[in-house]
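Chemist: Note that the protein sequences, when read in sequence, are chains A and B. Numbering-wise, the numbering used here puts 1323 at position 248 of the first sequence, and it's gapless, one number per residue. Numbering-wise, the numbering used here puts 358 at position 231 of the second sequence, and it's gapless, one number per residue.
Keep in mind that a hint or two might mislead.
As the list claims (entries may be wrong) - Using 27 Å as the maximum straight-line C-alpha spacing, the simulated DSSO-like pairs for lysine-lysine come out as follows:
#, chain 1, residue 1, chain 2, residue 2
1, A, Lys1169, B, Lys145
2, B, Lys145, A, Lys1167
3, A, Lys1086, A, Lys1313
In short, the hints are calculated from the structure, not lab data. All values derive from a computational prediction rather than experimental measurement.
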Amino acid sequence: MAYRLKEVARKPERFSSGHRMCAGCGAPIVVRQVLRALKPEDHAVIGCATGCLEVSSFLYPYTSWRDSFIHNAFENSAATISGAEAAYNALKKKGKITGETKFIAFGGDGGTYDIGLQSLSGAMERGHDMVYVCYDNGAYMNTGIQRSSATPLYADTTTSPAGSKIPGKMQWRKDLTEIMVKHHLPYVAQTAPLGNMKDLYEKAEKAIYTKGPCFLNVLAPCPRGWRYDAENLMEISKLAVETCFWPLYEVIDGKYVINYKPKNKLPVKEFLKTQGRFRHLFRAGNEYMIEQIQAEVDRRWEELLRLAGEA
Amino acid sequence: MAIRERMSGNEAVAFAMKQINPDVVAAFPITPSTEIPQYFSTYVSNGEVDTEFIAVESEHSAMSACIGAQAAGGRAMTATSANGLALMWECLYIAACSRLPIVMAVVNRTMSGPLNIHNDHSDSMGARDSGWIQLYSENNQEAYDNMLMAHRIAEHPSVMLPVMVCQDGFITSHAVENIELVEDDKVKAFVGEYNPVHYLLNRDNPISMGPLDHFTHTFEHKRQQAQAMMNAKNVILEVAREFEKLTGRKYGFFEEYRTEDAETVIVVLNSTAGTVKYVVDQMRKEGKKVGLIKPRVYRPFPVDEIASALSRFKAIAVMDKADSFNAAGGPLFTDVTSAMYAKSVFGPKVINYIYGLGGRDVRTDDIELVFNNLLKIVETGEVGSVYNYLGVRE
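The following block holds chain A by itself, in its conformation from the complex (with noise of 0.2 Å):
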């Protein structure tokens, strides 16, 4: 069936307005979009890293879940998702559940890239079958902006402050996306909200619906830590794809498919200017970072289409 918003966006909300999440944050716009891929009559067991999305979505005595929701810790969103697919197979074959459940696992890229990484890859490489989202915002946010390992190079954050001496954050981010394709799992792919939503919801809908341990890793911008008006979120995360900052791809079963190709990929430096992270990229003397980090997206795209066979 053909992808239509209209349709889409009148699926019961499974993940109710009053939560505390900033306006402009791209995570609770990705939770939205997640869930209703979600077949109505279908139930969810969804587990949730301590982060933002946690935070601001289950202040006792509210919650803004509609299915079932637990979050543990930081770093076992993963391990206790599994735990309850687990539980879930159990009853089934008692006879003590009926219908189909769901399982989803949300983290940040701290909860996933960084604490929770080793939680995750047991919990894919076990097998069950459970999809995790990760919403990338590219630092610890939640506890004011801290450099992770899926921040950008050079961008400005608490603990890669940009000083006199060192620019920002030194490394490169690591490539989770990469790292999950290589548990080889079902379905692993890389999206954004974007648009009217269909690559993130297409991509929802296929990693909830095959068996097995799916990945997905979302970019969700963060206004505060990325320093951006609200209004400017899809704009950003527009920019991050026409750029190929963050390529659209997916890998079914180990075969790799970028879902969007720009027509005119659009200098890094258009991305890296609409947020004040990157400030100090822009200073005189500094071109050599931009410089730098076009290398490396270039270096990076050209890789992905290599394995998508496109190169």
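Starting from the structure of chain A, add chain B where the hints point.
Modeler: What follows is chain B alone, placed relative to chain A:
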């Protein structure tokens, strides 16, 4: 008819788990508890249980998966030791505050560092304030029996707390001894079905678990958790009475051994109690009025009962197989003496021995030395040193 067998403590625990047939077991190997998931995964492989076995990549994930499984509405179990228990530490608190009646076999081993695979109690003592009920076991039989009672205690509506069943690494976990097992059908009937009220897989009544609670509600939730631990006292005794009807084996908060006319007693946990019993018998032959108090239930701590029981003696040695590094005494000593003080039991002289750290052998002459010191205290009225080390080279 009960089944007479010979089993190690680990096999006894694994066998209890097989009879309980939980929905999920998530475990990671660590000496000396490794055999438990080994035995259990064999039961799974041979179709002897209905359990989903999750061979997790760490103990942190073992406890995390148990939390997920139990929250989902299943019965979840695990086993661990020492550093494995420490790696679970964060999740132990979450399991308890989420009121998830998970049952875990702890095979006591020395906490690193230095690295040491042998037995002491530094692992479970570190978790004593995590909100878990702690049951201690002298031998394979008690470990088995405690496992059978654990779910009944944990899942009682007035409790809803996780339980750890502790036994001594190698000393009882690996030693093969006689054991009396309960028949499968009787275990099944005794343990019963797990019917949670609120659980994630209930699609008709979805719930959210693990909130950000803040200062507006956390204190109330902690108070309820504390109440559950208080409620556990009665439940532990009720379940023990029922278990006695089933097996003839009697359990309480602690065991008293030859204490009727005793003037001095040793208070000690787990396998060392067996050694103390032997020494008590020997010294009794010489007319010495010595006895033993062996706590089985350490959390909740039976303050009234233990203070009242100890009030009858003249001198008491509390033996700790873990140090608190507080320059004052081990954890059991601190709890026993504060219980006595709180209940105005000022008569007995009480001293502490830290013993057996890192699995150092505790021999009968070590125990005799403790009793002789107690008898001297009774004779002279002089306590001398309160905080002592037994069997260490200094």
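Chemist: Failing hints, ascending?
Modeler: none
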